[in-house]
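Chemist: The lines below spell out each chain.
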Amino acid sequence: MDIDEFFKRPTPLFILILLIVILIAKLLRLETTDYLITIMFFIGIAMALNIIMGFAGYVSFGHTVFLGISGYVFALLVYYNRDFANLMNMYSGIPIFFIALLAGGVSALVAFLVGIPVLKLKGAFFAIATIGLDFAALYIIKAFIPILNPEFFGAQIILPAYALAYKDNVFVAMYITFALIIIANYLIRRSRFGMGLLAISEDEDAAEALGVPTTKYKLISFALSAFFTGMLGAVFGLNSGGVDENLFNLAHTIDMIVMIVIGGIGTVMGPLVGSIIYFILYDTLLVTYPEFNLVILGFIVAVIVLFAPRGVVGILRGKQFMGKKLRDIIE
Amino acid sequence: MRSRLAIATSTLVVLIIIILAIIGGAVWYFMSLQGGAQYGGVIKIGVTVSLKGKFQHEGDLALKGMQVAVKWINDHGGVNVGGKKYNVTLVYYDDESSPDRVPELYSKLIEEDKVDILLAPYSSTLTKAAAPVAEQFKKVIVSHGGASDSIFQQGYKYAVQALTPATKYLKSIVTLLKEQNDPDIKIALIYENTAFSSTVAKGAKAAIQEAGLNLVYEFAYEKGTQDFASVIEEAKAAGANVLLGGGHFQDGVALTQQAWQLGWKLKAIGILVAPTLPDFYQKLGDAANGVMAPAQWEYGVKYSPDVAKNLGVEWYGPTNDEYIEMFRDMFGGEPDYHAAEATAAVLFAVKAIEKAGSLDSDAIRAAAGQLDILTFFGRLKIDPQTGLQIAHEMVVIQWQNGEKKIIYPEAAAQASPIYPATNWWQR
Amino acid sequence: MTILTDLLINLTSGFLWGTVLGAVSVGLTLIWGVMKVVNLAHGESILLGAYVVSALYLFLNVDPLLAMFVALVSGLLLGFAIYWLGLHKIIGHVDVVTLRIEMSTLLEMFAISIILYNIYSFLTRSEPFGIGIWHLTPISYINLGYMSIQVNHLTAAALSLVATFIIYQFISKTPTGKAIRAVMQDSQAAALVGINPVRIKMLTTVISIGFTAFSGFLVVLYESAVVPSISYKYAPLAFTIVVLGGLGSIIGSYIAGIIIGVTYGVSKVIFSVLVSKNASDPLALTMAFIILVLTLLLKPEGLFGVKR
Amino acid sequence: MDEKEIIKIHNVTKRFGGLVALDKVTFNIYKGEILGIIGPNGAGKTTLFNCITGVYRPDDGKIFFNGLDITGKPPHRITQLGIVKTHQIVKPFNEFTVLENAMIGALFGRRAGKISKDEAREIALKNLELVGLIEKKDELASGLTLHEKKFLELARALSAEPEVILLDEALAGLNPKEVEESLDIVRMINKELGKTIVMVEHVMHAVMNVANRIVVLHFGKLLAEGSPKEVAEMPEVITAYLGDKDLALKFVKR
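Residue numbers (our numbering), protein chains in the order written: chain A, 1 to 331; chain B, 1 to 427; chain C, 1 to 308; chain D, 1 to 254.
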């Protein structure tokens, strides 16, 4: 891709600006580090789920299972291995990123193995199966973690003080992970792989008949999505001082799906814009109607599904701007 | 043509970056101006409370408790730090009972609101998320609702505890049992499988062992369990004649009720949390009589400046009556132990600052380690190393003829214990 | 206590719980089977009935055996509202439900579940709320020799059987029921013989949610009290049961519910021997989801479903 | 038309439960021909297509493509080898533009992985031109008429650069004028691009007119094989399928 085309397309520009703004906010301390970490976490999980839900059209309702699995893997790694724990605060937190890669890898592996049978299911059956997966994993963790170490009451792992990473280092790890996820989203969307996934979401049989290796593509996208979700779970677990069963809570699925639906599926910009809208809405509603913010968000989603099934970005893509079809430039 | 476009667009990007940088720099400049200004005479205490979600009931009471403490301190001339008078103010956010945003809110408290000392959120799940932030910014964080001790075993330097740790919850009841000198005590431990109750159970087991008593049955049930029939049958079959355990209100009530209905003959029953609430008797009637419970604080506790004098420690804060009255005045309701814990935490934090004579966290932490005070909530003293509470003692209450009586420790007792619980044992 | 007694106890209680689970799943199997609508607000529909009965009992002292009819009516009304506000625009006028439409209804029901769940959380402050160990008779336990059974559990089981029988008769005998079955088998053909599909879809939603709310009464009768998060326990189990029983099969769901309940009871005993007593409960629940995945893969039409 | 076989179907059997959909079907498809497969409903035509394209795995028998055994290979592999099917019920990617639809064909077709996006675009544009959809290239596929969607299916299949194109009732639901237009395109693809074409068709006169050779299936069995004229005169075909000899000949003449 030459530089010209790059700037003619607003999506990469938007991604670039987003990344720069977060960095500036950090360097100039416009926002607290933790707030930036939280924002990146929420946008990140939406973008991670987008790979399987937005592109391939498979709604993974139990996607939080990967936050949980990798969160626990990461926590156990640094709990039991002091070397890892010591490493975390060296080299500006880059090692955190690599341990998170490892933890994400476990999620990817689980997704791959589970995906072989489960991705044969379509639509609602897949969604239900992933919910089942989430609960199965949760119950298994609840059963075995306390056996592993009597310190882990109620499957809660509290990280020892030596295994805590400095916020700046967590920020670095989260920032790299976040950038990786968005850029991966963009590259996938532009690639042949992404075209294939979108074709699958449109009509899987037709896609297979046209030569799209659907089984392979679905598996890869599910594993990739799980991988990124897992990395976020790992870094976020570290930031929360440890992990507990809350990581498996379907409430996080609500966050992810709501962000994607508001923004619009099938694009990179969709969940990006969606998660930013979601965050602003959530924060303002939280201040004005703290009791009802989720009820209101539920209504918003219900209305969007009914009247704008392709989300905010979907509406935009149907419009023209300065004689140009926005569909061509918003990816 | 192509290169011209490239130049134009790259110029645009560079421009955007420069503009962003200028805006950012300006904001930074003004913020640093603000930061440089001194907030003369006000100590800021930062905390998140759960005003929504599963801990909203406890969070609401805790917040009120803190507000009472703040009012009391300011009404009594504030606090003397290094020769200057300071007032106290509370800065708080709603954490929605979810650990997700706790780190963010705590760093906001520290970085933006520039609070001087922190109180922990309610519950150990949330405390777990807050403690690392405090640790990194080197702010003392006083725990008031996180009775689990795990945090304090993980080497956190700035975390201190203002209430009895969970491991000691049932210790008083076990001591009481030991004092009965009954050779035939067979204990069943049936508790909720949550971090808090499991920790309590672990402490209870250690105490039972230490006292040389006989534990014959143990079971942890899932959160939300209402049906204990099979568990009770098993415990009965194991020959147990003392029941210890419970978790929250509903399951505590159900456990007691079903033990009663299934005709389990018990010499003593010690249940967490539920029996401390008046509803317990309303729901259970006669079955409530004889049931004991540990409590962090109770209405009738007799800690007073006189007791402090006898103990040779300093008294601080309102008296018990004064406290209850203030609470009623301010909020119209009744305080419970959630409120009292929070009040005590504020008192402890402020006293530590006063003793340190500065707002420097390390000085506060060191002073907290040396502090030994008596409040309406009880005696407060922490282990200088771990921050664990070591002086505060649980009181034990027992329902006797429809009334809740404090039966332990003797210094605070209103009545003597009924053992064995006649209505349960001789039916 | 021997393992055998333990097994017998858990078998019995698992069976009783299973009948409740079965009744809970009947509403779901109807709406899913007939309309291809996966009711993600199923747990919240259950809670509606549970809360209506509890509130009437606690605040107005209405006998739960009377209040259960109010629960049914409240469910019917909720179903009516859900159909016209949420579903009609998506599926009202389509003959063939494509995957994309299925996903839209899935997301729509998901949004409805968020709304209801948070309203409940607000109203109950997420604290347990219920009819308590509600006494039908002065003696609330029946001694079977090897164990005591709570009367409320027995009542719940008996009522679940009666209610399921009634709705089964309704669906198989009445003209409306027959029309619903016709649409389930082939909606296009049903339209050709003059059945108004919109009316049937609306009715199915109403009946399904109504029955689900009624089953919420059974849940609160069985559990004595409920918290909003109990929907996270019952709804996934109901999905499992519907898949196992076969979409659209009322009898299948009821039997599958019992199978899941008994599996839960038995595996609890096995796991408490193999692993530990404390780990047995979560692991026994895991079994349900293992059954789910196995069913989906090996016999996707379920035990009593029609192969398509 | 040379006489080299490109697809060999050997003894293919497919059962669904107790129903035998294909019963030991054996015949060849020759390079460069237009082969019509006819037969009454339930004769096994679509099942046969699905076996060739890998959607179903035959219970028995083998299928060879250019001498290579392709029995039981997954559909996308077979597509990439050079056999593409269009669907009886059109399946365009509705949220894609017409051009993107065709590009999918090119990107995942015979040169999958070895083709750049620009090349794919070129191929797609060329094929859209061919079927006459070039003006609508930037419209969403969901906005096309049925007739246009059928052409889009064809353009998409062509973009995969196959050797063999299987048309599953490509003419169903079109009016006579559209049928004629379609047939012209089919002939052109066959003649000018040299693609082998196999059509399953209900529009009898059309297939009888355009095909070089006809295969008749009846209850899963191969009933007859030969030129349209030969087939139309075979007594067993007439009794089984066409019913009336005059009618049959009329189809051929038209």
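One should not assume that every hint holds.
Computed cross-link-like contacts, DSBU-like style, restricted to lysine-lysine with a CA-CA straight-line distance of at most 35 Å [unchecked claim]:
no.: 1; chain 1: B; residue 1: Lys64; chain 2: B; residue 2: Lys302
no.: 2; chain 1: B; residue 1: Lys84; chain 2: B; residue 2: Lys114
no.: 3; chain 1: C; residue 1: Lys178; chain 2: A; residue 2: Lys325
no.: 4; chain 1: A; residue 1: Lys122; chain 2: D; residue 2: Lys136
no.: 5; chain 1: C; residue 1: Lys277; chain 2: B; residue 2: Lys236
no.: 6; chain 1: A; residue 1: Lys216; chain 2: D; residue 2: Lys229
Keep in mind the hints are simulated off the structure, nothing from the lab.
Chemist: Give a verdict on every hint.
Modeler: Here is what the structure says about each hint:
| no. | hint | in the structure |
| --- | --- | --- |
| 1 | B:Lys64 / B:Lys302 | 22 Å, holds |
| 2 | B:Lys84 / B:Lys114 | 19 Å, holds |
| 3 | C:Lys178 / A:Lys325 | 51 Å, violated |
| 4 | A:Lys122 / D:Lys136 | 32 Å, holds |
| 5 | C:Lys277 / B:Lys236 | 17 Å, holds |
| 6 | A:Lys216 / D:Lys229 | 46 Å, violated |
Figure legend: structure checked against the earlier numbered hints; hints not met, in rising order: 3 and 6.
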